[in-house]
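The listed protein sequences derive, respectively, from chains B and P.
My numbering puts the first residue of the first sequence at 1093, with every later residue one more than the last.
My numbering puts the first residue of the second sequence at 349, with every later residue one more than the last.
Relax, there's no trap hidden among the hints.
Short derived list, chain B residues pointing at chain P, Cβ under 8 Å:
hint, residue
1, A1112
2, L1291
3, V1431
4, D1450
5, N1454
6, I1455
7, S1458
8, L1459
9, V1482
10, S1488
11, P1527
12, G1531
13, F1532
14, A1533
15, F1535
16, R1544
Treat the hints as calculated values from the structure; they're not laboratory data.
Don't be surprised by glycine CBs; every beta carbon is placed ideally from N, CA and C.
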Amino acid sequence: MNHYALAYREQQQLFMFDKAWIFGTLFKVGGLAALLAQFIVQFFWNPTLALILTLLLLALSGYLLWVAVRGSRKDWRIIPLCLLPACFIGASLSDNSLHFDYLTAILLVETGLVIFKRVHSYRVLWGVILTIILYFTAGPAAILFALCVASRYRKKGFLPIAWFLLLIAVAAACGVAAFFLAVIPTWAAAFTPVFFYDLDATMPAIHWAPWIAILVVYLLTEAVIGTWADSTSPKRERTGKTILTGSLIIFLASLFYSGKIARNFDRKSQLTTYEYEYYTVNDRWDELIAACRHHEWTPGTANYLNLALAMKGQLTEDLFKYDQRGVTSLTFMSQGGNVDVRLAHIMFAMGNMAAAQDISFNILNSLTGYCPNMLKMNSQIELMRGNYTVADKYLSMLEKSLRYRKWAKDQRRFLWNDSAVEADPVLGTGRMDFPKEDGFAMFSNPLEELMRVVEANPSDKKAMEYALSFLLLAKDMDGLVRFVDRYWGAPALQQLPEAAQEALIFYSEYSRNIGSIEPISLEWCLYHGVTESTARRFQAFQQASLQNGGKSPSGYKGTFWNYLLYTEI
Amino acid sequence: MRTHTSFIFLIIAAISIMGCKGRMEISGKLEGQPEIFPDYRGVTVPDNIAPLDFDYSGNLTSRLIVNGKMLKPKKGGRFIFSKRQWKKWMKENILEMTVAIKENGIWKAYNPFIINVSHDRIDPWFSYRLIPPGYQGWQEMGIYQRNLESYSEKAILTNDLTGGNCMNCHTYLNGDPSKMVFHSRATFGGTVVVNEGEIEKLNTKTDSTISALVYPYWHPSGDLVAFSVNKTLQAFHNHDANRIEVYDEASDVVVYNVNTNEIFWSPLTKAEDRFETFPTFSPDGKWLYFCSAEAVAPMPDKYREARYGLYRIAFNAEDMSFGDSLECVYDAPADSASVSFPRISPDGRFLCFTRHGYGNFSIWHKDADLWMVDLSDGSVKPMENVNSDDVDSFHTWSSDGKWLVFSSRRDDGLYTKPYFTHIDANGNASKPFLLPQKDPKAYYKRLMKSYNLPAFTTDKVSVSKRKLTDVLRNSPGTDVKVK
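Generate the whole structure from the sequences, applying the supplied hints.
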């Protein structure tokens, strides 16, 4: 179980303290389990808290199972055995396609088992009632309850079989009813853990393990407790020790095995994405930079790193201090681009608000709940657009959550207040970023759209830096010269970042030697923000290059020159 | 003067009514009418509609006086009408409503507003798709139906049963719930035809057509359905208030025979140099109306140049033949406009369509308005009482032609909601009213989906959700052939 993976779950839902929403969730098959899961997951915004809460719930699951199966409090030796299902649940929860209500449903079943244990009269009736209630509240996990209860019936003769069949029949009838009432899509979802898995995705068989483990514990502990109770002193003490040892061995073995299962689900690339997203949605840019440096280079990692640099206002300045491999380092268009949180954040930072809204709106509606961060982004863009009624709708939703209430309340001051929007650094800039000319978002290449943003709002520093970085990473020297010529002196380009200076001075030198391109003079460079110091450094770089036989000279690794001459894109 | 007199009368009435309880005395007057949501001021409603609960938008303590009876609001200013009382009121022709507020300890009344009650009953059910208004990403969507006489809503089919896919274009034969067609897309894709209890899944892509079947319309015989086939794309505007543009790169109109599973067409409905779409049969089945534009390319560069006019072609259902010429009903491009969604009243007298600046997907065009053609004399005019500053688009007639339901973004500019308007014998529309809800302000504020393709039905759609699901998930489907 990875704590960032748990935190990622928090961004897949929005728990709202709203009567209609709560009842809407509750009055579905498995509704109580889903509601409890969403209530708990809302606290997963802190990865450590997410891990602690999950471990506590797993411990509670073990405890409830122990209470359900024990003969008396003296049966403490079987506690490790009762933790066996919890190990497998923990492992299964490493698969983010398995919903968290898988765990809460099991907790409800175990609670049902504890209640049933305390019932001494009308047990058949209670068994039936609890099975039905559990099917409604915890979905097909009720079948697990029926199997556990039925498997422990002790009276001899015909009745036990009838009792067993009755409970199984009730549970099955609930599943059949749910199927025929079309509240559940498939037979598999009506009777198995598939119910808790992503819609119509193929569930790995390992997610059966917790259910099987609970049944095994139920049967095994009955036998174990019976043996211990039947044995007499001093044999009893030895039996107790054997039980404890066996119980511990099984627990440790299952812990080890479930750890292996969890690692299979914890694909490294996915885990790093969860980590990056956690830092991104919480605006923890320094930690994001550190994490990106720590992990292996991928286009996605580079995108997050550059996003963090842009948010800190250091993108062009620090660009070549890090490993960059072409323009995909800035925006990598994945296949599922229209539901990519990373891309939504990058487009937002670039000032391409239409693209950010298109992507974030699709993400918002593609999840089971509502992604809080994308809801925030959508409300901000609606404020920028002046669509205050829609922004009000989104803010009202966020206000009903614990975590985002304060932020949403604070944003209310912008509603129907154009001057407040325009004075706000984020919203005001965003409002000015919408291009003046007609066009579609995410239709041409990102640079073309970025240029429209810069043209509309030359005071957007992040957009300006992204545009410069695009040109530098593309090694598009002509484009860079035209860009600097057009925007030098604009509010967001009062100073030319060092990497851009390096590019211009390089171009000045080489354009004068190549006839086919229009040369730019040193004076032009100096007039457009290139400093004397950069010019001197370039001379030194040229000499060092020559001395180094055309290889990358040391001391220039973080320069545009090094990237231009020694990095293949 | 009349309003003023009735206002004084109301105040006196209110004082006398409240006087019995010794609680309330209206002694002041406020200018104008109160701000309420939904805006039911001056609307016309059918006498079988569910109670029109509404919220008074002000913050002060308020009371509502309806035909002399006083009501206290619920928390937040919501006025709720009991079903019994509402039914009683619906027997009258007019409801006069006065909102009074307590300002500085004094009760003051706004000018009253009226709700007209029409005794032309509305079809009791209507169905719609609920979908997030982005049309690209969704987790949940479905086709639902709502009883207009109560607040009861039932799902006809939701996509959690069919792999989270898209489903669209549900259409009925003049509101007959036993004759329905809709499309399901992606993994469990196909066109579903529900024909008096029989459910059939069709695979409608053929080698001779550019796409699977899209926008449907039933022939009155119930044996045929006209469809368009469209190569449709979608893009997101980078600054335009319209936000999304949906455009066709090509489109044609074909007719599907329910009994033989064959499609056929006329060269005039499938011309190379034109985009044909949104087919509609006349109620007598003798004409096929559709929208047609001169083909433009490349798309989307020229998307603003695609302008559709309204055309019709004679049709003979007996031998399945088309006429040999097109007749232009409304040359919208000549007015620098475009037409979509033609729908003819059941008596054949009026044709309601959506008119907008360009293109065919008017639901994203803020200038989209409803217009009406009087087919008896060919006159064309906007439905001024109905239209708003925002999108007013997709519409359907009730089975008796006295009511029209349409989608509008007038409330927030993004989430479409269904509005209903009464149409009189001369084709005049009343001020439309928003679909009533139990707690309308909270409901519509919470709603994260658009009401899409509203369509009346004379009764509840009773096809089994399970059967639909099973057909979509398990049936291989019947391949549609070309005649």
